[in-house]
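Protein chains in written order, with our numbering: chain A, 1 to 250; chain B, 1001 to 1250; chain C, 2001 to 2250; chain D, 3001 to 3250; chain E, 4001 to 4250; chain F, 5001 to 5250.
One thing to keep in mind: the hints can contain errors.
Calculated lysine-lysine pairs in the DSS-like style (CA-CA distance at most 25 Å, straight line) [unchecked claim]:
id, chain 1, residue 1, chain 2, residue 2
1, E, K4053, F, K5103
2, F, K5053, F, K5133
3, C, K2184, D, K3057
4, B, K1133, D, K3184
5, B, K1234, B, K1053
Computed list of chain E residues with no C-beta within reach of chain F, every gap over 10 Å [claimed, not checked]:
id, residue
6, A4187
7, D4239
8, A4242
9, E4246
Listed below are several chain A residues computed to face chain C (Cβ distance under 10 Å; list not exhaustive) [what the hints assert, rightly or not]:
id, residue
10, D92
11, R95
12, G98
13, A178
14, T182
Just so you know, the hints here were simulated from the structure itself, not pulled from any lab data.
The model shown is predicted, which means the values in this text are computed figures rather than measured ones.
For each residue, glycine too, the CB sits at the ideal point set by N, CA and C.
6 protein chains.
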Amino acid sequence: MLLALSTWAEIEAYLKTSQTVVVPIGSNEQHGPTGLLGTDWLCPEIIAHEAHKRADKVLVAPTFNIGMAQHHLAFPGTIFLRPSTFIAAIGDWVRSLGAHGFKRIYFLNGHGGNVASIEAAFSEIYADYSFRKERAPFALKLKNWWDLAGVNALANSQFPTGHGSHATPSEIAVTQWAYPQTIKTAAYEPRIAPTGPIREALDFRARYADGRMGSDPAQATPEKGGALVDLAAKSLIEDLEAFSAEATPG
Amino acid sequence: MLLALSTWAEIEAYLKTSQTVVVPIGSNEQHGPTGLLGTDWLCPEIIAHEAHKRADKVLVAPTFNIGMAQHHLAFPGTIFLRPSTFIAAIGDWVRSLGAHGFKRIYFLNGHGGNVASIEAAFSEIYADYSFRKERAPFALKLKNWWDLAGVNALANSQFPTGHGSHATPSEIAVTQWAYPQTIKTAAYEPRIAPTGPIREALDFRARYADGRMGSDPAQATPEKGGALVDLAAKSLIEDLEAFSAEATPG
Amino acid sequence: MLLALSTWAEIEAYLKTSQTVVVPIGSNEQHGPTGLLGTDWLCPEIIAHEAHKRADKVLVAPTFNIGMAQHHLAFPGTIFLRPSTFIAAIGDWVRSLGAHGFKRIYFLNGHGGNVASIEAAFSEIYADYSFRKERAPFALKLKNWWDLAGVNALANSQFPTGHGSHATPSEIAVTQWAYPQTIKTAAYEPRIAPTGPIREALDFRARYADGRMGSDPAQATPEKGGALVDLAAKSLIEDLEAFSAEATPG
Amino acid sequence: MLLALSTWAEIEAYLKTSQTVVVPIGSNEQHGPTGLLGTDWLCPEIIAHEAHKRADKVLVAPTFNIGMAQHHLAFPGTIFLRPSTFIAAIGDWVRSLGAHGFKRIYFLNGHGGNVASIEAAFSEIYADYSFRKERAPFALKLKNWWDLAGVNALANSQFPTGHGSHATPSEIAVTQWAYPQTIKTAAYEPRIAPTGPIREALDFRARYADGRMGSDPAQATPEKGGALVDLAAKSLIEDLEAFSAEATPG
Amino acid sequence: MLLALSTWAEIEAYLKTSQTVVVPIGSNEQHGPTGLLGTDWLCPEIIAHEAHKRADKVLVAPTFNIGMAQHHLAFPGTIFLRPSTFIAAIGDWVRSLGAHGFKRIYFLNGHGGNVASIEAAFSEIYADYSFRKERAPFALKLKNWWDLAGVNALANSQFPTGHGSHATPSEIAVTQWAYPQTIKTAAYEPRIAPTGPIREALDFRARYADGRMGSDPAQATPEKGGALVDLAAKSLIEDLEAFSAEATPG
Amino acid sequence: MLLALSTWAEIEAYLKTSQTVVVPIGSNEQHGPTGLLGTDWLCPEIIAHEAHKRADKVLVAPTFNIGMAQHHLAFPGTIFLRPSTFIAAIGDWVRSLGAHGFKRIYFLNGHGGNVASIEAAFSEIYADYSFRKERAPFALKLKNWWDLAGVNALANSQFPTGHGSHATPSEIAVTQWAYPQTIKTAAYEPRIAPTGPIREALDFRARYADGRMGSDPAQATPEKGGALVDLAAKSLIEDLEAFSAEATPG
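Based on the provided sequences and hints, a complete structural model is requested.
Right under this line is the structure:
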């Protein structure tokens, strides 16, 4: 089910059979000369919606589309939440879902830069319970879509060189598959972008002139993207089943 | 342009010709027995995307899909940000867009319950400048989609009775037009829902048993929704032109 | 009763008979060339104290005299709280009063610019209960003094043109009635001030040179103010009775 | 001048001759069986207004009437701000006044329990400048009214025993002088209240059954209050002159 | 016991016999030309550890080594927490210790500038309970090491002139006794430093050129420091016993 | 140099030759039946102080001894900061050091659970600059001590099985080397602790009965700890040199 396209009564009924929900979470940030600004929130949304098409018991929340992308701000179009804001917002999503009785909230993440803040948010939420010596009534789980079973391996086989870590051919391929009308091309120079540390926004733009890190997005194709989505959706369904089978928290 | 489906270089180019951007903003909350949980963020998204289709100079940011819906939390599926979180998040969106040079940020709103927090957010953002005796480099504008020129009048003519204020036939009609596969029906009892004050969530559910306030959503049709979207998109384009023609702030 | 001029034991006794309290809330901000900086907190204080004189069961808390007036800061003497601070402070007032057993807390407001933040504050307070699936032990109500029964109609009849929205003749008349020794005069130019949007402080001062918006305060007289206070106090007593008669929350 | 009864233009003119302002600040909290709940904000207001009557160059801001009184909350009528809220609110008052060009902001305090939070607020405000290696454009000063030159000595001579530290005869005498119609009596038992540590609210009420700490308020008279106000107002004027004569900050 | 050098099981066992813990708390800030930057956190640590050596029932938590030293920031090496951060951090320490069952948390303080923020922190923590009408499960106590029984008198007899209030010979003597290898000398000019008000950092450096306030640290010797530590440790043990003997809170 | 045992003048002189500083950062939390509660802050302190002994140009700040250990709170003695508090505190440390002219701030971390919050803190700090389109005047670096060159490899060779991820033999060996008088023994059951996910505190204690995760601390010896410290200190000096050689930020 897609939560946003359901009624409250349908969710009330769903909760009687399952207390698990997937939240696609990403970022809206530059992805090099050809990657879409929405890449990092579109990828988990695409994969989660694909999983939903295959398994209706998969309940997908609206997409959390703005994340922690401070270091990309010197490239136009990037929008980000400071970690403190991001943590507060994740907390309110979780408290809302928890109030309805969801016991397993699974964040399918599309942006490496989100990981620290999401994990911090989980700890911030749990701390309220720990300080009161109570058990949280829900379990929170973070999974990057590329860490779903088999996905990294597939991406490595598709892109043995030039995968890199930002504006990667795998994530761009996923959006190409889902939004073929938006495929863009560019003359990448150098073909494989440089790598290095991540600091703040102006430092980032000075180091990575076109926004890529270590990647050669020219290798992306819609077909490769389709294969990644296919595998990721399948693995997501399995991972959700395993998560749902865990002992009930709280 | 849709910002999320553009590259940073495309936004950089856009900024040379216009510094105006539309942010659809809404809420994910119960909308009665037949309204979609996403109604309030889908409506401004639908209208803004329709405006974009008709006028490519209209730049639409990703949709801010979770708003202030505390009073709906007793109905499953509602997700909301506390005002303090909402204000912080709007601030980060605005500061991000402002850093790129956007000078006019237009929030097209789909949820009455958001108005107070959005206006408070604007004041919070401006206050930083006022305390420093500086002029903000951007102008912020809030417009509810039903307040776009002519739209309320059309809705009143379509639904002379039973429009109400929550889970209204007009907003449901808009989503029916855009998502016809999700049209739901129910036996409304009473046909026109009661009205009264809005307090906290459990009080709200006790007063408004099925979630509606003053409305008779059975009157909604996709055709009426299409007429509303058509007019709203046209009015939005005009309103953006007028906003863009204002003297440059900052 | 005036809470500040009572003892704790008197309030303890009062609470056995009524759990309703009125909080006059306003703002300290410029009111044009002749309006007092305190106008917006003096008006609700004047009206609430007048109601108290007529009906001793009306319990009036100290006046919350600083509100959200960011847009007036470019005029000397304005003091304001950012929305985030204002929301936190209203929360602490409410939690304090709630801890004593007050079940109906009625904010009599004197400043339009406060409305968004006060409503946001109510939602922020309620959210703590909603997230815990509890019912708040109090009902919160906001009423602008000009929205008390009959008051707007009287003001419109007193000032059919040039009432405007800031530094209005009605609010200035109220303070003239209560503080006749502070009546000031000026040559207003233009007689009726311009109108337009409200943005941040320097923009506001640039648009509204002497601080007025749409108003002609020269029409104010202490007599008109007295009539407004008389009606408002009467309506306030009735509105408080209706509020107190609502079903007990919590 | 009383700021709230002035116009913005009058404050603009005042700032050309002086950049000093007094803010009466106190608390609304229980003051034993006969003390007014408003005692701690009424006392500095009474003294500052008396100073203003004698020296028109003394500019008095509206009274900051709610302070830090957590430990009194178990007595009805107490309203308080948490230190974090109080600090934020003092910051906004100071930033507002500072934006107008006030260079010396003098808080005349009426509540010992406020001291820690006010001092913390000053440091919080200054820290913004220190972290930026800038000098604050204003100097902040806190003075308890009983620490004005000679006042403690007078109180000690008026009340050689049973002055105590809360609901003291001196503060009650000051309000008796200003609000003679509110004088209350009670049979104090014991005549001089006990003393001890201050912890949280329920602990406080358990230790101090009628709210007094170490005091015998029966000794208060309006005449003694008048003498205290007379001396305090005189000392305040002198202290403000000394403060205004300090080298200009910033 | 030293908490940091114990295991959780040892603390679990300790809690069965005592629920009292000492937290040395100080500041890392300039202490004149010869005082160590760590002086203010080293002193309470030295004294608490000495008490622990003499009485194993004294449980000493890790040292809270960064406090509120905004006014010292213009001298290199100073590190401080803003009051708001400091309050939040003290809250988390207390909530952590309270969750384990500690009922008496004793902060042994080494920095006068910390007092306001620590007291504000206590009130902030208690407020959560007061607003809920609950009694806090712990009592919080603040004691400056120089206020331990007899210590100020000893310091005054050791340093009848030139003790001053910052970079005092007594605190420097304490660190000389504990860290003799770090003793530094300088030609103090003037021998006794000036005194005056404390404002923000640049103002402070302008007033107090070498960082001292009213002190003549040349009088410090390790022997005098040893005498101070000896007395302070003894008094601390007694004060902890008295605190532990108080009626159980909560 | 050890910052806390230096004077401000010594730090002022140091800053003329180097703008790099090391901050040992860890956590105070349970470490199984034999590990010290302070293990995670003692390890980086031990290593940084050892590096300082070998290379005086290494400037070591006071140890940041309380980190993010929410999940360990069900074991007595654990003290932690919520991520929001931790982020604020790291920000104040960095802003303090940055105000003195430190351009490279290197956090040597001893607790895996800190990583998310520290990275979030860096982004939070940088965001202030990014939103203002400024370059931060400092570079921030996080390094876990076990990630220093060669250290993980050495630990793996010392403990080929049963190293685990919490209460590891390597970290316990380091504290055994530095604090041999605190070595504790226990009968571990099972010898190698279980592994699994990390959620909140009560869940953690239920999964990991004695606090260990995947480890067999019985293998720790002071000698192995000494070898780890020796290598880590050497690698730290080299890593600091490389960091200091980076182009100057800001």
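Violated constraints from the hint list, given by number and in increasing order: Hints 1, 2, 4, 13, 14 contradicted; others consistent.
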